[in-house]
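There are 2 protein chains.
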Amino acid sequence: MTSNKIAIIGAGAVGGYYGARLAEAGHEVYFLVRRDYHAVTASGLKVTSPDGDFVLTNPHVAKNSEQIGPAEWVICALKSSSLQDAHKLVRPCVSPGTRILVLMNGLGLEEHFAGWFGDGRVFGGLAFTCINRGKPGYIHHLAYGTVTIGHFQDNPAELETALSLWSGSKVQILSTPSLRRARWEKLCWNIPFSGLCVAAGGITTDRILSDTGLKAAALNLMDEVIAAGNADLQFHGEKVRIDHEAMIESMFTRTSTMGAYRPSTMIDYVEGRAMEIESMFGEPLRRARELGVPVAHLSLLTALLHSLNTGR
Amino acid sequence: MTSNKIAIIGAGAVGGYYGARLAEAGHEVYFLVRRDYHAVTASGLKVTSPDGDFVLTNPHVAKNSEQIGPAEWVICALKSSSLQDAHKLVRPCVSPGTRILVLMNGLGLEEHFAGWFGDGRVFGGLAFTCINRGKPGYIHHLAYGTVTIGHFQDNPAELETALSLWSGSKVQILSTPSLRRARWEKLCWNIPFSGLCVAAGGITTDRILSDTGLKAAALNLMDEVIAAGNADLQFHGEKVRIDHEAMIESMFTRTSTMGAYRPSTMIDYVEGRAMEIESMFGEPLRRARELGVPVAHLSLLTALLHSLNTGR
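Sequences listed follow chains A and B, in order.
The opening position of the first sequence corresponds to residue 998 in the numbering used here, with each subsequent residue numbered one higher.
The opening position of the second sequence corresponds to residue 998 in the numbering used here, with each subsequent residue numbered one higher.
Misleading hints may appear alongside valid ones.
[Stated by the list, open to error] Stretches of chain B that chain A covers, calculated by requiring three or more beta carbons in the stretch to come under 8 Å of a beta carbon on chain A:
id, region
1, 1189-1199
2, 1202-1212
3, 1286-1298
[As the list claims (entries may be wrong)] Under 10 Å between C-beta atoms, here's a sample of chain B residues computed to sit facing chain A:
id, residue
4, Leu1230
5, His1233
6, Leu1301
These are calculated hints, taken from the structure and not from any lab test.
Backbone N, C-alpha and C define an ideal beta-carbon position, used for all residues, glycine too.
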């Protein structure tokens, strides 16, 4: 395996965990760390995980991106609510050969990176996982962990390069031939379930499945997201579509196995942090409206979530 | 003026205030009191109001309806979330000649009273007011106060009898030729504004007007309520309709004059009390669905409000 220099921009729970797994696999990983800088410098990065606990002793940590400098890969794992900071944080790590994996939630994020740094080097990563930060220097990986990766231009050779980065790691990586479809498919879960878990007052996903009204609302929202996603795929000339019936069946079945699951957006809400509303709800809503897809439920839900997010 | 024996069932803020105004006008008013029984017995019922403060010394207070017995009028001012208690609390006060004013919020309440006690004696009252309870024995009337009264069968002679009850009082009374339309018209305000003030996290009405997304949501909800109301009026063979454009104009204009208004349902929410969701949202939603009126926004809002109401 080739060792790559990798810059992790936004080494919170998700960035810290996946960066640590890449370092564990032998890559030269640099973490841009804010909150935990002193703890990680002093005692390393400690990861608990069902896939094996481990400690990264003496990781490369930096307080600013200039200290890291150009890397072969940048993994941007900022919260999408910090998108306005991404350009200046990522730029010092980008040289002509750098590739960028946007490991963030929501729609339209890769477009920004492509605009800043060029289309061909941008990838999107969709993490299906449950990871929390513990006390300084600790990351708790609780469940799941698969990352689905797509290339911004859906270039198969580039996608192979991205997959090879992870080949020696303990992370399960899936590839998608259509990043756009993958983003919409993730929204098919996030919009109804994360959205309703917040708007219904900070509840767990099982409460949605057991409440007739909320379950119907989740179904209506998913219908709208699928319709909007397929209109967006068609508009962009993509041949792939989201299979309506199969998606609904799969998302509700998967959710029923998750028990009293707390989506990260709901955790942000109940713990008083900014939620990723714009990229997860606002942008899909805007696209749906531009494409003329009726999205009454999504429209009301987004207005409520924006208000819940800014009213704090 | 003839003095009537009046039983106030549910002498909270609204029942206490309007009952006190009727007693002030010379009627023989009996209050069914729970929380404030001892305070009112000891020191009377104290009312502060922009229409004049006053104290009702030695009011007739009762701990149960049997102590009151048959009255000429029963004013039921329970919260609609206590509808299941209304029959047993009202029945001891009903004799063949008793008339019943249902001074409660929401749709379909008079139908219950008509089923229990007979159609001809039932009236509906819609209070547009802001009244809070203070410490035991105190009621604070803060603003507004008009009550619109209709007869369950829209019988003009019966309606005159109801109006005459209030003729010597300081309360402004309006009559409506169509109780059904009046109920729907009130919902045109309550559903968008009370509903969104709760679902957006406990905000005041001015926040809805100043937020593009919430204002659009309020408009969409009002559209749906007007359409459902008109379908319901048509279904019941009524000639009257809600004027769509005039209603929207009037409701938004009125709301813009109200400032940072806290709807009673929002106060219930932020203070942790049961909200009147079923009669104000659930029943209109059910009627709209039965009539085949599309109500996507109302459907999602109602599901969220039910969850917020039961999740506490």
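Hints versus structure:
1. 1189-1199: That given contact holds, which follows from 4 residues of the region 1189-1199 of chain B lying within Cβ reach (below 8 Å) of chain A.
2. 1202-1212: It holds: at least three residues are needed, and the region 1202-1212 of chain B offers 4 whose Cβ sits within less than 8 Å of chain A.
3. 1286-1298: holds (count 5)
4. Leu1230: At about 24 Å, which exceeds the 10 Å cut-off, the nearest Cβ of chain A leaves the hint on Leu1230/B violated.
5. His1233: violated, 26 Å
6. Leu1301: holds, 5 Å
Of the numbered hints given earlier, the model fails hints 4, 5; all others are met.
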